[in-house]
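Peer 1: So you can see what is in the structure, the chains are spelled out below.
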Amino acid sequence: MASSKIVGAVLVAGGGVAGMQAALDLANAGYYVYLVEKSLAIGGRMSQLDKTFPTNDCSMCIISPKLVEVGRHINIELLTLTDILSVTGSEGDFTVAVRKNPRFIDMSKCIACGECTKKCPRKVGNEYNELLDNRKAIYVQYAQAVPLKYGIDPKECLKLTKGKCGSCQKVCPADAVNYDDKPQDVTFKVGSVILAPGFAPFKPSDFETYRYSDAKDVITALEFERYLGATGPTMGQVVRPSDGHHPTKMAFLQCVGSRDVNRADNGYCSSVCCMYAIKEALIAKEHAGGKLDVTIFFMDVRTFGKDFERYYEKAKAAGIKFVRSRVHTVKPEPKAGVKISYVTDGGAVGEEFFDLAVLSHGLVITPETKALSESLGVKCDGYNFAQTTTFAPVALSRPGFYACGVYTGPKDIPTSVMEASAAAAAASSKLAPARSTLTKVINFPAPVDVTGEPPRVGIFVCRCGINIASVIDVEKVVEFAKTLPFVEYAAVTMFACSQDSQEKLVSLIKEHRLNRIVVSACSPRTHEPLFQETLAAAGLNKYLYEMANIRNHDSWVHANNPAEATRKAMDMTEMAVAKAALLVPLKENVIDVDPTALVIGGGVAGLNVALTLSDQGFKSVVVEKADKLGGNANRIKTTAKGEDVGKYLEALKAKIEADPNVSVALGAEVGQVEGYVGNFVTTLTTGETVKHGVTVIATGAKEHKPEDYLYGRHPNVVTQLELDELLKAGDRKVEAAKTFVFVQCVGSREPGRLYCSKVCCTHTVHAAVELKKSKPDARIFVLYRDIRTYGQKEDLYKEARGLGVIFIRYDLDSKPQFAAAGDGLSVKVHDPVSGRHLLINPDLAVLAAAIVSCRETELGMKFKVPLDEDGWFFEAHQKLRPVDFATDGMFLAGIAHYPKPMDEVVAQAQAAAARAVTVLTQPRMTVGGIVAEINQSKCSGCGVCVAVCPFSAISLDDKGKSVVNEAMCKGCGNCASSCRSDAPSLRGFTNAGLFAQIASAL
Amino acid sequence: MPEYIAKKSALTDFFKALSAGRRLLTPQGAGDQCRLAETAPDQVKLDYVNTHMSPKTLFFPQTEKLMAFHKDASKPDANIYSCAGDKAVPTVVFGLRPCDARGLSVANKVFQNDRFTDPYWKGKFDQTVSVGLACAAPAPQCFCAAMGGSPYGLTGLDILAFRLEGGDLGLKAGSEAGEALLKDLKLESADLAAVFNSQQAAAIQAQGVAPDYRPIDEANLMALFQDPHWLSTAENCLNCGVCTFFCPTCHCFDIQDEQDEKGGVRMRNWDTCMSWLFTVHGTGHNPRPSKTERVRQRFMHKLKYIPLKQDGVRGCTGCGRCVAMCPVNIDIRAVALKMCQSSAPSQA
Amino acid sequence: MSDFEPKIVAFFCNWCTYGAADLAGVSRLEYPPNFRVVRLPCTGRLNPKFIMEAFKRGADGVWVSGCHPGDCHYIAGNYHARRKFILLHQLLESIGVEPDRLRFSWISSAEANKFQAIARDVVEHVKACGPNLAFRKEELKLGLAEVA
Amino acid sequence: MPALEDVAKKIRESAKRLLAEGRAEVVVGYRRGTIPLTTAPFFARTAEECDQLVWSNFARINLANYLPGRKKVALVAKGCDARSAVGQVVENQIPRDELYVIGVPCTGMVDNALVAAKEPRPIREVVETTDDSFTLKGEGYSVEVRKEEVLRRNCRTCAHRTPKLADELAAPEVPGATPDDFADIKALASKTPAERLAHFKDLIKDCLRCYACRNACPLCYCPICFVDETRPQWLGKSNDPMDTLTFHLLRGLHCSGRCTSCGACETVCPVNIKVREFNRILELTVQKEWQYEPGLSWDQKPPLTMFQTDDAAEFIK
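Chains as they are written, first to last, in the numbering used here: chain Z, 3 to 1004; chain V, -19 to 328; chain U, 74 to 221; chain C, 17 to 333.
Chain Z with its partners taken away, still in its complex shape:
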């Protein structure tokens, strides 16, 4: 491919969390991104969630910064209300045709004041709240939406449908309503395409026995999520829809529309429902102050992710009841509530009353998405999930097309985010020559040096149309502001954020030689960056800016008390001026970045990291402790999809060998580490010194050596990996065996190792299927606790059962008992279905031994990255930063993070590489701004700041005094508040500035 034909832009379809992450990673790596979203705003399904498992993080809180980042990114072009019409051309050079549907609102004018919505007479079911309440025909999707611009629903608007009304246009203070808005078709060029169209919740309307369509107290889990949400229809009150009472007893019914080819055509497991049901149960109990009994009816509890098993245990400890049963009938009770009839696995018949039944619906691909796949020529599986392979987990069948999120199979948020980064890496793998060819850079004039000048504060008090001025006497605020110290200029402005106001601001700064700017208007959370840019454009350091939020925090909430609201606005303005007068210009420095990665671990994860980085032209040094590459994969025969791992590994190693960007150090470990993001210097135990800008930890894990089940004491007891090795070697032990027993959860999900090893069920079921296929007469027993063949892997489980593999469940307190019987083995296990003990004499027993961490404490300390209590490396954020460490420049891939199957390992490796590229791609990094600094004359070297810094950004220098690494500091100010002698200071939030604010608040 000639590089002239390669387009340095990528289309990302879908503005959910996966699409956003892919867009950000690409844009930060030097590619221009078209982010296409069907609806009014980005955010996707995650924006509807109240909390996220297993940390119970507030979903909106953690997604919101990401929304803002996407919305403001100059290299992400956000196309909302947009449909993809076609993608033509080939990899590297596609032409995309899209239709931008009319919003009927001029986005450049809308100030999102909400006056239109107040006046709109037309009520419509609110999709954001799952139709549990109403929105208007003119609306924002949700309060924190990005872009925060209203839109008109053309199907509902009275003006657009009937030509009547028009009230929104009348009340709009910004003249933003345009009923004549028309669809626009546009085309643009991209080098590759990422599809992240997401999913819809399965609608259980057709499940007659569950009575979702007619019983009011049968609701879906997403509906319940909205009830839990603070922004939901009941503002977080859990109610029984039929009568609004607080339920005291509720049930979750699992696998509704999942693992079901009977009433739905969905054979797959939706992967997330067990966890979200537990989460909703826990949160509901919390909301009810404990006065709520929750029962979860399940088939298998599939809590296979990181920290999920603990979450499950926590739920049990909190009194949530788990009943192993697929409920057959739900009947509404005459007044309220439902009666649930079920049969337990022991055969007992139960019937119980519940106030509320929540159906844990599966995740499905919508017909629209199915049509999109078809029109774009993307191959899908029988469930309409896009097809991928284990070794290219984010690549679609059409070259140049990639995917992330639920589009390729049900998955949770962290996996989706990880895939998003992986997709960014994969989608840009062929575009490297065109990197930074289409991205924009803003160049601001060099800032004027205001050092030594007395403060000259300029104040702009915004009317915000009538949003502020109808409540607050803005003229009075201005007159008051003029009396404040250092104020040179104060004036009212209609819309401070409008283009003309911004231009005027620039000229006023110059005319009055203003060197501090205060804007009394709306929230700095939404508008500070805009004004800061304007300052920069006027040649003023952007940190010489302070905002008073007299709209959101004042006029909008004190509309009935204009006098007090005005006084408050005066105080707020005074506070802002007091702080502003003490602001100093903050420098942003640049540091060089060494464009090399150190990859620790030469397994599948590490090697994929190195190759992915090489695609982008970056060098890596792979450090492998062992004397050969490949790690655990050397022992694995095939993947669950039947792909030959050995062959793959050979090809991988050959690629590594041939790649001039990758060098490998075998038999080497990390010795000494110095430096930080951009500039690490690591000495290996071989003596080699590596200079690198980033580090990826991919040190893997190991198979647990079981103590039970005669392992090591009987020749016919082997582990899963040992079985694979026997199979690869064509060993007679397997050939000759007729009866097999597989024991699951050997060393997993037990006290002391309270986690699921995630891969073993699939591995066992796959092995059982393969054995059964090659030896149809073999008798195969799988002794399990819960079968956890999540996602489409459920098909394997179904296949195994179809082939006659016998699954027998055991409990932790009645583990199978192994005994030697002559040369052979005897296994005794209690079968809960028949209620009897079974005796099996297997020829071979295979133990699904846990994957255990290598507990690399020392390595963690060298790179200042933490481990969790099981010894897994601990990522920056379990949901949204799954491959980053909190410490900048540090990334994580593979099973050093947590056990996972190979496709997820490869995806995570690609993801880690993508995240690393966002650092490596900048030859020089900008650091500084709002970061901490240390006044060493006040520092006693006690180390408190070092201990409390969440980002390991502070260390003690050779004089024993603290020093901040600006490249790693995130500006939280923990150090500044923890130091007894105030040696650290957070720029932009200094003690003096905050004291001045406190003083003027009173």
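In case anyone wonders, no lab produced these hints; they're calculated from the structure.
In this text, a Cβ means the ideal position worked out from N, Cα and C, and glycines have one as well.
Check each hint, because a few of them may be wrong.
[As the list claims (entries may be wrong)] Stretch-level coverage of chain C by chain Z, calculated; a stretch enters the list once three of its residues show a Cβ under 8 Å from a Cβ in chain Z:
#, stretch
1, 103 to 111
2, 315 to 324
[Claimed, not checked] Sample of chain V residues facing chain U (criterion: CB under 8 Å; computed from the structure):
#, residue
3, 45
4, 48
5, 50
6, 64
7, 66
8, 242
9, 243
[Claimed, not checked] Only pairs whose alpha carbons sit at most 27 Å apart, straight line, appear in this in silico DSSO-like list of lysine-lysine:
#, chain 1, residue 1, chain 2, residue 2
10, Z, 287, Z, 323
11, C, 207, U, 200
12, U, 200, C, 217
Dock chains V, U and C against chain Z, hints included.
Peer 2: Chains V, U and C alone, transformed into the frame defined by chain Z:
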């Protein structure tokens, strides 16, 4: 000058007459609670050792308002400072110890001299009659005699009282004003010189043999200043400043402005040369960066700089408060001896 | 005391409670106008001295609010802050600051209603405490009339 | 009852040995004071100087206060002082290998205010030979005082009288006293807030803000104390009671989780304020919430340098 007698039986009348038109302050309370307090004429006590704090608090309180402004914008003088010292009240203090009276006279020369008058000090000082009570039984830490004073000294006093056998008070004038007052009080006069002298001799003797600190007076200032002993002298100092807070002659202060919603005040507050902040400059430079310099400053000031400025009068009057109060037992007598040794070769 | 309108200083973290206040605004949720907000990046930035300063200067109440545990934008800022709060809270309560004068809360950026409810609650409780006369600096005695 | 002189001898021997071996360049101990009822911190650098080292019932000052920044120092330390020294090592104020601790198991030190209350007459001389009593002498009197009657309050509840982490001990180990039950602190709960505030304001009413408590405290090694800050000025300089209270509250917070109840602050207070009341409120909280006592191991993490995700804080709602 003749002495006078206030009869035991008529002491209340004496104090009544003494405090006519004035408030009467006398030491009240025991131990560390002993302080000058307004007293009814029949409540005067004679059996205290000394006040816990030095009497300088009378004329130089720890916090003293100097100026003030108001923020009432309706008045023309809003936000403009004007002089606003607390109004002085005519006072008679009875029971000052001679060491403290001497201390006040040292401080008085700082606040009122030929170059400068501090109106805040002057207002109070000039309206106060100082009546001392001689120390017949010095405390363990007392050494006024060694510092050139006497437990029966008259310096800084208008009147000195001393106890006579039988409970009468002998009274001796220390100033013309005191003499005039005594005359006015119409007391019985008597020649008590012999009694006074013998009591004084016994009290001085009770303080033990006074070391001779005169070598310091004669020593070269720079030799004293540069002597290496300061390093060890200061080594255990905590730099707490208790010595300065309790010292009757320490007089340093810091001027601060404070304001609230109604107005603002310019005030002076005691400061201490033991503090890092005392000498730190706006630039961050500190000419007395460590406790060694600060400790040296204090002792040099007491024993060398003040004598140089006040005609040989020492800045230490031997009241012993710093000795008793110092948490780490830095004893000015021991320091003075070190200074004597370091100053062996006298001025060239 | 019914006409007493307390002055309250509020310290909000930028990411959660300040966001909740923003959202309360968007949702037009009314609450009393008695507090003034100092925006901090994180409750981890809150030095106990700030709280003391507010009281010293005559605040009738102080309200500190940040992200729920686990939600911190800076990973652990609110956990570190919580330890400081535990100590400060105990200390001030023990020495006799009415517990209702100092309020701590966790409010996520989505909890506009909780924000409104707590805002009302804070003001109501501080109001019930009455003006802060004892835990503040004394009013300056200007004494201007006495000048001789 | 070890004779004080025996302990002193042991201290002198160790001191001389450590200086001779070069293990220490200075030995920080106590010498006799120039007035009764006192000792003075003393820095012995020669064998000759070591002869001035004493042991006494009045060795109240916490000598760990002199450690920060020093090199090759041997410290004569009571139980509390040794814990402070450990804290300073933990807080990087002195490297472990620069410090040698000569621990002195201690039966408590004398509170001079209690002595004065017992014997108001001027005291000219104190004779002490053992660690359980001493004799006061003055004009025409001589009184023996049992130490346990005049112990400092912190000493009465000291559970760590024997310095456990000392490099050597200069006297036989002694049992710890019954720990502080904080009964008075707990009893505060039964008072109204107004009563409590009045109590604490009264407690500090005589405070001169001389900061002797701070300066005597081995925890207060900050190069610049917050009270000396000028931008912003955290505290007014006048004798406003709220400024004074703020000083004590913030100092209490700064010492929380670090204070070893050595009592130096109260010992040095020239106006006898029980400043430890503030520390004790926090000490109780630290023990209750985090089961933490400072100075008991070389590698402990002070409570304000860490957190637990389940730290209890029901008051945050």
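Peer 1: Taking each numbered hint in turn, which are not upheld by the structure, reported in ascending numerical order?
Peer 2: Hints that this structure does not satisfy do not exist here, as all of them hold.
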